[in-house]
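Novice: Chains as they are written, first to last, in the UniProt record's numbering: chain D, 1 to 431; chain P, 1 to 431.
Derived by calculation from the structure, the hints in this document are not laboratory data.
Everything hinted at is true.
Cut-off 27 Å, straight-line C-alpha distance, at most; resulting in silico cross-link-like pairs (DSS-like, lysine-lysine):
id : chain 1 : residue 1 : chain 2 : residue 2
1  : P       : Lys-227   : D       : Lys-342
2  : D       : Lys-65    : D       : Lys-167
3  : P       : Lys-227   : D       : Lys-23
Chain by chain, the residues run as shown.
Protein chains: 2
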Amino acid sequence: MPVLLDTSSPDFAAAFGAFLAMKREVAADVEAACRRIVDDVAGRGDAALIEATRRFDRLELDASKLRVSEDEIAQAVKACDPKTVAALELARERIESFHRRQLPKDERFTDALGVELGWRWSAIQAVGLYVPGGTAAYPSSVLMNAVPARVAGVDRVVMVVPSPDGKLNPLVLAAAHLAGVSEIYRVGGAQAIAALAYGTATIAPVFKIVGPGNAYVAAAKRLVFGKVGIDMIAGPSEVLVIADRSANPAWIAADLLAQAEHDANAQSILITDDPALAGDVARAVETQLSTLPRADIARASWQDFGGIIKVKAIEESVALADALAAEHLEIMTADPEGLAAKIRNAGAVFLGAHTPEAIGDYVGGSNHVLPTARSARFSSGLGVLDFMKRTSMLKCGPDQLRQLGPAAMALGHAEGLDAHSRSVGIRLNLP
Amino acid sequence: MPVLLDTSSPDFAAAFGAFLAMKREVAADVEAACRRIVDDVAGRGDAALIEATRRFDRLELDASKLRVSEDEIAQAVKACDPKTVAALELARERIESFHRRQLPKDERFTDALGVELGWRWSAIQAVGLYVPGGTAAYPSSVLMNAVPARVAGVDRVVMVVPSPDGKLNPLVLAAAHLAGVSEIYRVGGAQAIAALAYGTATIAPVFKIVGPGNAYVAAAKRLVFGKVGIDMIAGPSEVLVIADRSANPAWIAADLLAQAEHDANAQSILITDDPALAGDVARAVETQLSTLPRADIARASWQDFGGIIKVKAIEESVALADALAAEHLEIMTADPEGLAAKIRNAGAVFLGAHTPEAIGDYVGGSNHVLPTARSARFSSGLGVLDFMKRTSMLKCGPDQLRQLGPAAMALGHAEGLDAHSRSVGIRLNLP
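The following block holds chain D by itself, in its conformation from the complex (with noise of 0.2 Å):
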């Protein structure tokens, strides 16, 4: 049974701030051990990353066979069905036409005492893709982390990908295709994570991480943050459904499961004014469950950590929402924009009854890596300026020189610089 609470209960407040707290994050202790991983492919580069894969994927690899060749790659775009091909450029071109908006302006301007000052934007110039294997392997995700890079100008994309026993997702290939990305490699795992940021003979150091993995590359990217810059640590994935009597149950209880079916620790919740439409959509989820592939999954989510939250009023939602700070906001209520523009705290919002979250899964053109587990209340999804960094600019002449400067030799005293101070003095025959 997912959660059931009710705002107008004298316990509300406890109960809600219990389902807040769940943890749904699985704290598996595996940092002594990628720490190991890390120091040993950080030392003995190649040898040891051929070693772990050998390991962990059950691969027989030599550095020559680490990349994956231009002939693999073109081989498996073949290989794909070319109506989901066809559907994966659609989402390129929507990705990359969204993104390249994002892409932000240099600043430079002169001050009223003829100070010059701005910044300038530019891109990293490498950055490694840590894609999944196995059952987790997305081609979406390919596209949502290659294409703002891209977009962004970085020079070098590179991608790594556990190939278990050899296999490879022609879907995954495909996609690096598609997003432009040539340079990729047969890895995965801590041992991937830590030839991206300390280069091995064969694989280039970069200068930034990004890509979701399991418990051994989140923990891995902690370790190795700092050496390079990584992007969130990603956690379990959750939907939020705001909905009034406007409403279609049946099509709340496909998005409640849509986001339930990803993983057991995935989180559903709806809230709504309705009481009537609360049991609707309670039955209809159970009827749908019946009849879904991953029903288990899926079941097993919704029961564990999926809610349904009955507020007196609409309005309610708001406070709830930003406490929530869902990974992915759905509002199906009679004015979805009025509330959305009250509500601070969501990675995404999925705005009226036929936007659907699948759609910004894959062709809406705005990303599918946004932030979980509450961190929408500090952070954003991952855009353009994720792949570029800001470089501040100043620029005195002597007259500016000559009125700002007293004032920092002052406060170069005050905090006990006094080789502060004097770089000042000493062009303006100061003491």
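Since the structure of chain D is already known, use the hints to place chain P on it.
Specialist: Frame of chain D; chain P shown alone:
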């Protein structure tokens, strides 16, 4: 002796590689100790925070004394030299004015299919600002962290600052006051980071933590990363000066020493095409060291980590600067703008002979919290965006769903996520 390198030397590549790989970060293994402190504060709240403060800061507090009172703040402001307060006020105004230009614009557009897309920026609701105690307590850093947070529109900016033996730097409190920060707690170390991340009875939790700190603070930030957002992990500071014969060697020496005086692990580097200038700068450094209050620190930094790189032509400095990816880059050449345009990796660029980095540290207006240890290859200085997050928006009507739906369904099926496909199909009466 600083390292002397020459690009015309046959072993330059190897020597430069070794120079780049030189480790300046102190690799204190404090993680286990930090984890105990963080877990203790997460579990026992104020009681653990108070015990750790007694132990590490030799300060006896009860919960009612954790917060610095309004009266104490007012007293601190009065105790400061008015000239220093005026300089802080000038700095605050200029930082505010610069950072206001970083406020991002929301985007909303309708594409050719009629799909509405865009994103919306909003401020993080609560942010914690760590301020080191003791000698590294810099009021300028309080402004550099707090002002962008205020400009972003953060509702609640909370400052923590350790008060070893009960001592607080009045200038730090004055800077907080000028920046509009009034919620200040006299705690520091890993225990303060844990209190900010998990909350205690006295300190409500925040969603992101910024600000520099010692090895314990850095390790604790790494541990709570994910639970809350964090800024970069700050390393020892560095400056790279690129200068030709047009530059004044004494000014360059003063700038190299302004960096070196921060920390024995700081790094100051000169690249020049003029052998005479290289010699003159080296001599000027020695001369100026003899009268510098923090000469011991500056000398250690210069001798252990300083460097002078001679190039055949100033254009060679572009590739070297990109590899060094310095936190601060000063360009004192005949055409600083031309050279700056070619360099991609730097935290901040200071153009021309009259822009010593100390101006940027205090009153230039740009932020002095900048990426260290070559991380300018993949990250930016602190700015308004660090205190905001982006929510993407997507809206389809029935027509748009009809056009995009089949491709989304194809990808859902291809990824084995049939409930995704169904959430689209159920709205279109498609199987």
